[in-house]
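Protein sequence lines correspond, in order, to chains A and B.
If you count by this note's numbering, then the first sequence holds residues -9 to 396, one letter each, in order.
If you count by this note's numbering, then the second sequence holds residues -9 to 396, one letter each, in order.
Hint data in this document are derived by calculation from the structure and do not stem from the laboratory.
There may be inaccurate statements among the hints.
Each pair may be met inside one copy or between any two copies, as identical chains are not told apart.
Taking lysine-lysine and the DSSO-like style, the derived pairs with C-alpha atoms no more than 30 Å apart in a straight line are [to be verified]:
no.: 1; residue 1: Lys270; residue 2: Lys34
no.: 2; residue 1: Lys22; residue 2: Lys152
no.: 3; residue 1: Lys96; residue 2: Lys161
no.: 4; residue 1: Lys331; residue 2: Lys149
no.: 5; residue 1: Lys334; residue 2: Lys314
Number of protein chains: 2
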Amino acid sequence: MKYMDFKKLENQYKTELLDNVLPFWLEHSLDKEFGGYFTCLNRKGNVFDTDKFIWLQARQVWMFSMMYNNVEKCREWLDCALLGGEFLKNHGHDGNLNWYFSLDRKGNPLIEPYNIFSYTFATMAFAQLGKATGNAEYAEIARKTFDIILSKTDNPKGKWNKAVAGTRPLKNFALPMILCNLGLEIEHLLDESMLKELMESCIHEIMDVFYRPELGGIIVENVTVDGELSDTFDGRLLNPGHAIEAMWFLMNLGERLQRPELINDAVKITVKMLEYGWDKEYGGIFYFMDRLGHPTQQLEWDQKLWWVHIESLISLLKGYSFTKSQECLDWYQKVHDYTWKHFKDDEYPEWYGYLNRRGEVLLPLKGGKWKGCFHVPRGMYQCWKILEKINSEENIGITKQIISYS
Amino acid sequence: MKYMDFKKLENQYKTELLDNVLPFWLEHSLDKEFGGYFTCLNRKGNVFDTDKFIWLQARQVWMFSMMYNNVEKCREWLDCALLGGEFLKNHGHDGNLNWYFSLDRKGNPLIEPYNIFSYTFATMAFAQLGKATGNAEYAEIARKTFDIILSKTDNPKGKWNKAVAGTRPLKNFALPMILCNLGLEIEHLLDESMLKELMESCIHEIMDVFYRPELGGIIVENVTVDGELSDTFDGRLLNPGHAIEAMWFLMNLGERLQRPELINDAVKITVKMLEYGWDKEYGGIFYFMDRLGHPTQQLEWDQKLWWVHIESLISLLKGYSFTKSQECLDWYQKVHDYTWKHFKDDEYPEWYGYLNRRGEVLLPLKGGKWKGCFHVPRGMYQCWKILEKINSEENIGITKQIISYS
């Protein structure tokens, strides 16, 4: 038994964001010579590779624009967002808003626009940057890119798709999951009917297609286009972090649409996926699993990844804030303890991204090809704000919430 | 100090091949209903997935044909090879010998012919099967597929290549390395001048391009098309197992061309890559490394893979048999001990494929998407035959070779 000090927690996330994580990126990632950001940063923040990945460029533009819009009109944050925004506008796409996957340091394209998530993160970035600057050009980039995304939903990889058409048509959880969040992100650019339609469609895809009550209430990564389970490597795949991240997007939709039952469902699924994905031997949440317990294709299946744990914190805390579920709070405490203990680097700023099954550092980096200025600071921001809301609702200095604690 | 009993070793590899590994595949992998082989087999040999991967289908055809050609005219082996050969002939390609990457159980194509190694293993398979059966159709498939490979060397992935042309043209070690072996594999199908040209070109690529004396004598996975080092994720990448496997192919070329200096170089590189790739903390050979010590892109970098260790055994033993290098023999002993201790399953047949850094089983499978009836049995066969040669040369029952032994 232990008291949970929500006020202290609020301060912990806020301080980590403002005094540790954001300063790290401002100090180490800005490419003042060519624009954009370095994201391949070693433990101390030194650049070890200069390639620029569109996912991460866009996510950092989004992060600093969002901070500027929601927290404080800080000029340094806006300048940082603009450094990436201008670089992306000038080099990130082929001239028709087809967003490359990666560029070299100077902005020359390296990898073709095969990846739909380059588009989704560009949309998020330019929508927030448009809001921050009032610049209509940015908003237009966001809106037009969003239209291209919608036109690609049936075959996101286009001509780079290596699956033979027709033999085993599967659909994947990632795009509806991301659209779930993207809708509210760019709400100010969409008309009400389009937003409504998008939200309903995402809720349908997640709750009626990828969520499987017959499997005990878990979310699978791939189903057939008819919505059936598939006993194949892809069809057996589970990605607990992915499913759990989608749950806080869904809770946001539940709040927006005033549907408490949707929030309740999202909380239940969050807890179920945690029970399923938690490593009972070493702690932490597995990266990939097979729903029939077979070996996965993914050799990294047992690794512990930063984003999986941070997204879980958001879903658990948000779930608790809406429902006051004790189960949610217990899991939150457990994941919080694991995450802060293993991912945070106590000697140097920012957090590790990749741990082995035992929770030991696997790659001593703070940023790379996939880890940038995104999940850690967004998670800190989200948890800070949820805790702020919990604290203001309860309206006392220190909330002493008794929790069962293992 | 310890005596090395080459006669006992010869018997160990031979017995493992004939009494353990080949019977496992004959018992569990044959799809008598639809043809071809199951390769996704769990610890006990039960099928957990029925997809058919062209690399593995072709390699098993090659393995059983080769055994039939080189060891014994065993009808069961030939029938096994034919089961896969006919399946591949009928379903493995698009009608024009463009070899798919994978098929479903019935032979419907799943993944397009984007992968050049589907072609190289098909060539090996049909060349050996042609030899085994005397069937000219098989030989023709091999020869024609080989011509297609040569026509694709500049851009093996063709339209599925996601790299933007021109920005950062790199060339990769894998294809020249595989061709190095393929030349001798299909020698009976090539005219002498073509074979000579192919051999010289492979030797040049490996020794003058990918082998880097200025880095202390290691082999890198990618260089620029001008043969320069590249300080990029791909350009920094090392794959010790890959480099070491190439060295026994090179020794074979050295023997074929009667160039002892080439064999000596290959032995030196084998030892250098082992010194470089050996995990001083937990033992075993790393899967991927970065030549500047930066974090790799590959999350599986520290894992210990069966093929890396088995190919190393072949190169070390072959190197020893040619040069009688004590260093080679010491390393052989070390890798032999690690490999048999960690990869062989003492309770059930066949070997594990994937261990974590500590040498613990990561995936409890005997076959999967990438591990089939190939590296383990080929390695057992190669070591058996090399030891047989060592033993026959020394012409005594037990060779007592004093080796230093850690």
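For each hint, the structure was consulted:
1. Lys270 to Lys34: Answer is between; shortest inter-copy Cα gap is 25 Å, intra-copy 32 Å.
2. Lys22 to Lys152: For Lys22 and Lys152, the Cα distance is within 30 Å only across copies (29 Å; inside one copy 38 Å).
3. Lys96 to Lys161: between (36 Å within a copy, 22 Å between copies)
4. Lys331 to Lys149: neither (44 Å within a copy, 46 Å between copies)
5. Lys334 to Lys314: Result: close within a single copy only, 27 Å intra versus 52 Å inter.
Checked against the numbered hints given earlier, the structure breaks only hint 4 and satisfies all the rest.
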